[in-house]
Amino acid sequence: MATADVGPRADTAAAGSVKVWDPLVRVLHWSLAGCFALAYVTGEEILSLHQVAGYGIVAIVGARALWGLVGPRYARFDDFVPGPGRLIGYLRDLLAGRPRRYLGHNPAGGAMIVALLAGLLGTGASGILTLYGGDAFEELHEVAANITLTLVLLHIAGVILSSLLHHENLVRAMITGFKRV
Amino acid sequence: MMNFGKVIAFALIAGAVAVGGTALAQQTGKVNVTGIRLAASGESDGNGPEAGKGERFSVPQVAQRVSEQGYTDITEVELEDGNYEIKARDKEGRWVEIYVDGRTGKVMHSEVD
Chain A
1 MATADVGPRA DTAAAGSVKV WDPLVRVLHW SLAGCFALAY VTGEEILSLH
51 QVAGYGIVAI VGARALWGLV GPRYARFDDF VPGPGRLIGY LRDLLAGRPR
101 RYLGHNPAGG AMIVALLAGL LGTGASGILT LYGGDAFEEL HEVAANITLT
151 LVLLHIAGVI LSSLLHHENL VRAMITGFKR V
Chain B
1 MMNFGKVIAF ALIAGAVAVG GTALAQQTGK VNVTGIRLAA SGESDGNGPE
51 AGKGERFSVP QVAQRVSEQG YTDITEVELE DGNYEIKARD KEGRWVEIYV
101 DGRTGKVMHS EVD
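Note that the protein sequences, when read in sequence, are chains A and B.
Going by full-length UniProt numbering, the first residue of the first sequence is number 1, and it counts up by one from there.
Going by full-length UniProt numbering, the first residue of the second sequence is number 1, and it counts up by one from there.
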């Protein structure tokens with residue numbers, strides 16, 4: 001195994017942390033981020049690579065949604081997709097500076113995941129429409145990509161804010177899979 | 001009673017399958033189009049993509065078609081409302097702007113730059 005991969009038992013016992021993100025969630029998360037970055041950077045300039053990245057995004061979104069139905073507890077959409085009431089309540093607490101800490105995704109994070117996946121899928125769909133031709137589809141694709149980029153930036157801002165508020169490194173958690181209990 | 005999360009997950013799966021399927025259909029269509037194009041390339045009135053399906057020539061196809069007609073140094077191929085604007089040199093070596101019908105691949109007119 002990789003050198004950085006600490007065994008779950010050792011880590012749980014030693015640091016009082018618990019495994020939250022299963023390997024598939026982490027792999028899908030970072031490969032989705034990588035594909036989006038690649039697709040955004042290549043754009044029209046390197047079209048073949050751009051298309052491969054785009055198809056990758058669509059496949060990953062599908063796989064993540066499937067895993068959201070059948071995966072372990074914290075991977076499931078039922079665990080983190082909030083209804084409007086829960087989302088508003090959480091955002092209100094967040095504005096007051098005292099949001100509850102969640103071991104899985106918090107309601108705002110959960111809503112962001114849905115927005116990101118939908119944005120990525122919509123961008124992919126509009127990208128495929130450009131294959132059928134027309135400037136209108138190209139413009140639509142660009143708008144969709146930029147909306148998704150905005151969501152990505154908000155997502156990163158949310159991760160930083162939540163990390164600061166709860167004194168934990170959520171980026172590292174998404175790499176190692178472990179969070180403090 | 002289905003949970004909100006499940007509905008979202010199912011919707012995303014359906015969307016991904018639909019988008020992936022459309023992509024696959026488009027790719028398969030492209031193969032067919034190329035086949036027709038190659039089969040007809042010896043004819044003067046070469047067939048392009050299936051007109052009835054609203055398909056158009058791809059950039060490589062249209063570039064090849066234009067170069068077959070004696071244009072050289074193709075430096076720009078731009079899709080504009082379903083038709084192509086191509087910048088190249090004509091047989092006399094002048095820079096021209098060629099307008100090609102995106103569906104039939106025929107040169108509609110050309111202008112000396």
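It is worth saying that the hints were derived from the structure and are not from the lab.
All values reported here derive from a predicted model rather than from experimental measurement.
Glycine included, every Cβ here is placed at the ideal spot set by N, Cα and C.
A few of these clues could be false.
For each label pair, taking beta carbons as the anchor points, the in silico distance ranges come out as [to be verified]:
no., chain 1, residue 1, chain 2, residue 2, range
1, B, G93, A, W30, 51 to 61 Å
2, B, E78, A, S48, 32 to 42 Å
3, A, V143, B, E97, 40 to 50 Å
4, A, A37, B, T72, 35 to 45 Å
5, B, E78, A, A37, 47 to 57 Å
6, A, A33, B, D73, 18 to 28 Å
7, B, W95, A, N169, 28 to 38 Å
8, B, Q26, A, R101, 39 to 49 Å
Of the hints stated earlier, which fail here? 2, 3, 5, 6, 7
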